[in-house]
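Sequence order for the protein chains is E and A.
All letters in the first sequence, in the order written, are residues 1 to 569 by the numbering used here.
All letters in the second sequence, in the order written, are residues 1 to 557 by the numbering used here.
Calculated directly from the structure, the hints in this document are not laboratory data.
We put the CB at the ideal spot given by N, CA and C, even for glycine.
Any given hint could be a false lead.
Stated by the list, open to error - Reference excerpt, derived from the structure (chain E facing chain A, CB under 10 Å, subset only):
| hint | residue |
| --- | --- |
| 1 | G37 |
| 2 | T40 |
| 3 | N50 |
| 4 | R136 |
| 5 | E174 |
| 6 | H422 |
| 7 | N429 |
| 8 | M508 |
What the hints assert, rightly or not - Straight-line alpha carbon distances no greater than 25 Å define the calculated SDA-like cross-link-like pairs of lysine to any residue that follow:
| hint | chain 1 | residue 1 | chain 2 | residue 2 |
| --- | --- | --- | --- | --- |
| 9 | A | K68 | A | P366 |
| 10 | E | K415 | A | R3 |
| 11 | E | K90 | A | R3 |
| 12 | E | K232 | A | N452 |
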Amino acid sequence: MRRSTAWVVFALCSAAFGVLFLLPLGVVLSGGFFVQGRFTLRYLAGVLQNPIYAEGLWNSFKIAVGTTTVAMLIAVPLAWLANRYEFAGKKLFSGLVLVPMILPPFVGAIGFQQMFGQYGAVNALFGLGPVDWLGRSRYFGVVALQAFGLYPILYLNVLAALANIDPAMEEAAENLGCRWARKFWRITLPLMMPGLFAGATLVFIWSFTELGTPLIMNYTRCAPVQVFDALKEINTNPFPYALVTVMLAMSCLLYAAGKVALGGKAYAMQSKAATAGGPVTARGWRGWLVLLPFVVVTGVALLPHAGVLLTSVSEPGSWYQSVLPQRVTWENYREALGHGMTVGSIRNSLLYSALAVMVNIALGVTIAFVVVRSDLRARGVLDTLAMLPLAVPGLVMAFGYLAISSYLGNLAWVKDNRFWQHVLDVRTNPTLFLVIAYAVRRLPYMVRSAVAGLQQTSVALEESAANLGARPWTTVRRITLPLIAANLVAGILLAFSFSMLEVSDSLMLAQRADYFPITKTIYELFQLIGTGKYLAAALGVWAMIFLAVTILGASLLLGKKMGQLFRVG
Amino acid sequence: MVRNVTVLAVAAAVVALPFLLRQPAETDDWRPGDPVLTIVTPHNEAIRYEFARAFSEWHRQHHGRPVKVDWLNIGGATEISRYLVSEYVAAMRAWWTAQGKPWPAGAADDMLAIQPSQFPEIHAAFRAVDDPGKVTARIDLFFGGGEYDHTRLFQQGLTVPVTGLPDFGYPAQISGETWRTATLFGNTVSTFGICYNRDRLRDLGVVTPPRRWVDLTAPVYFGQVGVADPTKSGSIAKAFEMIIQQQCHEAVRAAGFTDAQVDELERAGKDFPPAYNAAVGQGWLNGVRLVQLIGANARYFTDSASKVPIDVSTGDAAVGLAIDFYARFQAQTSRDARGAERMVYVTPAGGSSVSCDPVGLLRGAPNRTVAVRFIEFTLSEAGQKLWCYRPGTPGGPKKYALRRLPIREEFYRQADRHLPFVSDPLNDPLINPYRLAEQFVYRSRWTARLFNVQRDLIRAMCLDSADELRAAWRAIVRAGGPARCPAAMAALQRLPVTWANAREVTSRQDRLTYLGEWTEFFRRNYREARNQVGQAASLSAAGNRGGDKQDACLILP
């Protein structure tokens, strides 16, 4: 990419990213530094000096380390098995790999509680009586729940890295007498290190800032919960904004440290040698043996989902002290799916998510081009900033967008003009802001996918096109984009799925029933006293099945290319 | 190919299902040009549906045209209050600067203060303007959310008075609660109480179910109490205030003062006998310590008030503090196979005030006329019936039983007339809010001025030091209970302030400073309490070698 072009593109995407993400973030965080109109570092100092918040940050760090470790222990062996062996059921479980990540909000906690509650299914199954799983060992509960929810990211990344290892390397090692564990430690592990660290960094940042799981387990002494508590307090309190700033700074540092630890470039493999190697087919009992860990891990990871599913078909009050609901009904589905809000909210969610994905592609691919194809020094900063949306608490961004919309909505030329009201004022129509919010929050996935794709695509191909007289845009359209299509589709899938399940922005920005996305409808149904959680579970299951089918379908269509995601640096 | 088609077919089927199951939209005779009312509310879908439908019908009958209600759903009362404040600040600022006047830093805070300190002209201008063309949030009414948030919004200048409404036959003030002012119109009432799960109590070996607040401090409920967070909800904070009030009341009575004497003293407002104030102070300490022990038994402090009855009904918590209609409704859907309710709700006698859920008119309402009619509707017999009648009964809701109580006294005086149609028997003295309110007399001087202090104390005492509190309490319970560990209990229950000096201590310091100090204070004391138990246990063990008998400790999970 020519320097001048690179600078122009860099400036454009920085500007877009700045307006769409940094501006609302800044508006909110400034609340921690500008109190009563004056700049102050008092609250920042207060966060750093206050033992409660220091403890919260330390606990979050411990959770992140625990989650990442357990996720690695789950994901790496699975990925190694999937890379090495062909076995019956492999395609199915490869498709199911992302499903643990799609747990619908609000009802996911209910599903988990129905399984592990004192009168829940697990206690009933093993005849344990009212053992209080949720009340004890909250730290391990949080780590386990998060690890089983997040291991797919690590799994996909490690699998992609393993798939890219030239088998000739391992065969050369074996030829020289290095086998089994020693080979794994000295050859395989270093070669897959970039993939491992990429996934690990993502899991680490996510679990460092995740709010939902600590709330389910009532683990209150961690930074995200402290932020949430302070944000929801009756008296407006500048503290959480200072705390969020510290959390974000730490996330950036940790991400940068992860990048540095990679140690320069990955071991580049120019081509895969044509060998007779490749996955070994495991037949018969060996096939079952290889399949077993997949079944066990997926089964455990899907327990909360099973809880939601069973809640959705149970008659209110009939799943109590038993393994399964005593009375089953389809009435919850009829009422939830047939509810006046539902069809509209499904349509809205599909619209918002689809538009968000389009914005995502445009912005994400452009950022990826700058990061990979240019040699600007500043591109590392852009790369790090593009990961920030992963670490910002949803509520904080929602406040930011709300504040900006409120400001715009009160401008004279917006207030008196119906068209601009519909565009800029979320009280009238939240579509624009929801699309931006969804797009920005999922930007990291798209950037990572596009970066991975561009890194694996040789520049030589683009240069040849240029040599033959193709203009830059033609090259991108006809050469580059088709080559990275597989990676883009993977990013699109994740961005789409998580946009459909997005909570904070949906709750705060979609205020009128006509514009509710599906997560808000789940929330509204959930609030109905009595049958609410059953109706919400039914709608949640619908959302889960829809997304599972989408992901499964895409992975079946894409095959092995599905695994090539999330390559950092 | 087949595989691809199958996948697409399944996806299409999943997407189509809601469209197939969709019920035909209810025909509505509202046409563009008919009035639209915009209401912001934390009320759930059931209440919104019934009131929108019934109000439109009522308006058509009385004023000729149906009304479409546009609901704004932003979250709970706290979220709505914050949202409204930011909207009005933005609107006021836009209007002020459009007139060419400067908007200095700090103007927003001053505009909302009860008394302006820096910018009286902005403060006065804000409270004088009530014109949707000038300053407006483009919302007509705030419906629901509890009296606390409505009063606060009024103090901040966001709600405006409504005059000319008839007397609907209910008091403005009762049991220390405000039910009606010029800006706030209570239309339904609720109490706060205890819900418990019969099966869990049986598992825990509890024979007598909890009936009073103090019952929740029993060691057998360790880790089994569901509690809502008073720092996140004004209504919950008020409920905790009432718990403390009840303890003050009992201490005063124990000191020998009759209710009549107390009435007289509080009415006079001065020259309080030292013994009387000392009793109030002691009662306040007792109340705070009671809350502390409930916190020690707490499973969590949740920001979602509905979580507690849900958890108690599924058995995840054995007992909980809950709002009455949440608990009653949840109990109804948690019947076992024989139809018996697994969960029971009870309002502690004399332990809860009866608070109202109001509706208020917002400043600059776009459709003021229809908004006032909505207020009138909620207080009319038609509106009041919606709260308590069963679905399908004449005048009742169409689809959902709302299970709440009307506020107008005639519904209770003439309960027999309504009995055939209501969900809950209005003549039951345990349900009749006027009877319940009589049992609770609120003395504002005792706790009102310490409202924020109490909330901050609970936060430092139970939330920020939760782990240490639980560890200390667990140790005490394992050692045989409070009676056997007096030194540990003394350490546990030390408080940093008294009733007499609390306000002075907190006004001297910045909130964040004293919050931090109090948290440190409690954590230190809880750790000391735990150590005291450990030392007493080892001393006792040493003594045991001499042959002393030791009673069995409580076995905890």
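Hints and how they fare:
1. G37: holds (2 Å)
2. T40: The hint is violated - T40(E) has no Cβ within 10 Å of chain A, the shortest such distance being about 12 Å.
3. N50: holds (6 Å)
4. R136: holds (8 Å)
5. E174: Check failed: Cβ of E174(E) comes no nearer than 36 Å to chain A, outside 10 Å.
6. H422: violated (13 Å)
7. N429: violated (12 Å)
8. M508: holds (7 Å)
9. K68(A) with P366(A): holds (14 Å)
10. K415(E) with R3(A): violated (53 Å)
11. K90(E) with R3(A): holds (16 Å)
12. K232(E) with N452(A): Judged against 25 Å, a Cα distance of about 16 Å means the pair holds.
Consistency with the previously given hints fails for numbers 2, 5, 6, 7, 10, ordered from lowest to highest.
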